[in-house]
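Student: As they're listed, the protein sequences go chains A and B. Residue -6 is where the first sequence starts when you use my numbering, and the numbers rise one by one after that. Residue 197 is where the second sequence starts when you use my numbering, and the numbers rise one by one after that.
Just so you know, the hints here were simulated from the structure itself, not pulled from any lab data. All values derive from a computational prediction rather than experimental measurement. Backbone N, C-alpha and C fix where the C-beta goes; we use that ideal spot for every residue, glycine too. Any given hint might turn out to be false.
For each label pair, taking beta carbons as the anchor points, the in silico distance ranges come out as [said to hold, decoys possible]: (1) Pro63(A) x Val274(B): 44 to 54 Å; (2) Thr96(A) x Ile249(B): 15 to 25 Å; (3) Lys201(B) x Tyr11(A): 28 to 38 Å; (4) Tyr11(A) x Lys250(B): 17 to 27 Å.
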Amino acid sequence: GAGVSQTPSNKVTEKGKYVELRCDPISGHTALYWYRQSLGQGPEFLIYFQGTGAADDSGLPNDRFFAVRPEGSVSTLKIQRTERGDSAVYLCASAPTSASTDTQYFGPGTRLTVL
Amino acid sequence: DQQVKQNSPSLSVQEGRISILNCDYTNSMFDYFLWYKKYPAEGPTFLISISSIKDKNEDGRFTVFLNKSAKHLSLHIVPSQPGDSAVYFCAARGTSYDKVIFGPGTSLSVIP
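Pulled out of the complex, with its shape left as it was, chain A reads as follows (with noise of 0.2 Å):
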């Protein structure tokens, strides 16, 4: 069966660049998480979907960040004027509900490079 895949799996963009990162969750799933994992940490939340809407997104670090799912499968995490911090793995994560007991299934990553 199919997991949780991310598209693409590497992006090297300038400084500056406006980004798209994909997530298509696995089948069904209404919840769904984008994480930023940077080098030596664990993955740091960004941003939750229940469905259509962003039930919380207190984790997004500014308004240059911004992420849909307008048909509540897909979601697209958007970077505009990217800076170099902005540089690290982006994970999403899927799960059948929002229950505090459902395991959350990862995608394998967006290595993000801002040069």
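Chain A is fixed; fit chain B onto it per the hints.
Tutor: Relative to chain A, chain B alone:
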């Protein structure tokens, strides 16, 4: 301020011996704790969890112990196998939906 701490960045264990990975947390509102395992170039995969109403949960070679008064949990792997070599993340969340907070991870190497 890190709410979930894993103070050992790395750990080496001989194959067949016990691996003990430790985790401390500061937020007393955490009610559910998870361990994830991560291989290079892959996303973390769920390993085992424990609710705050329990002090132990066992699944095969993996056992998680929770000491709420000390705000400490540990993951025991016995016997350790070379395939267990990976980064292990401790994570925690509150009772109702709340964001999952991850620790920085411990890199485990199991030496054949």
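Student: A separate judgement is required for each hint: does it hold in the structure or not?
Tutor: Going through the hints against the structure:
1. Taken as a hint, the range 44 to 54 Å holds for the pair proline 63(A) and valine 274(B), whose Cβ atoms sit roughly 47 Å apart.
2. Between threonine 96(A) and isoleucine 249(B) the C-beta distance comes to about 18 Å, which sits within the given range of 15 to 25 Å.
3. For lysine 201(B) and tyrosine 11(A), the Cβ-Cβ distance of about 36 Å falls inside the hinted range of 28 to 38 Å, so the restraint holds.
4. Take tyrosine 11(A) and lysine 250(B): their Cβ atoms lie about 47 Å apart, and the range 17 to 27 Å is violated.
Figure legend: structure checked against the earlier numbered hints; the only hint not met is number 4.
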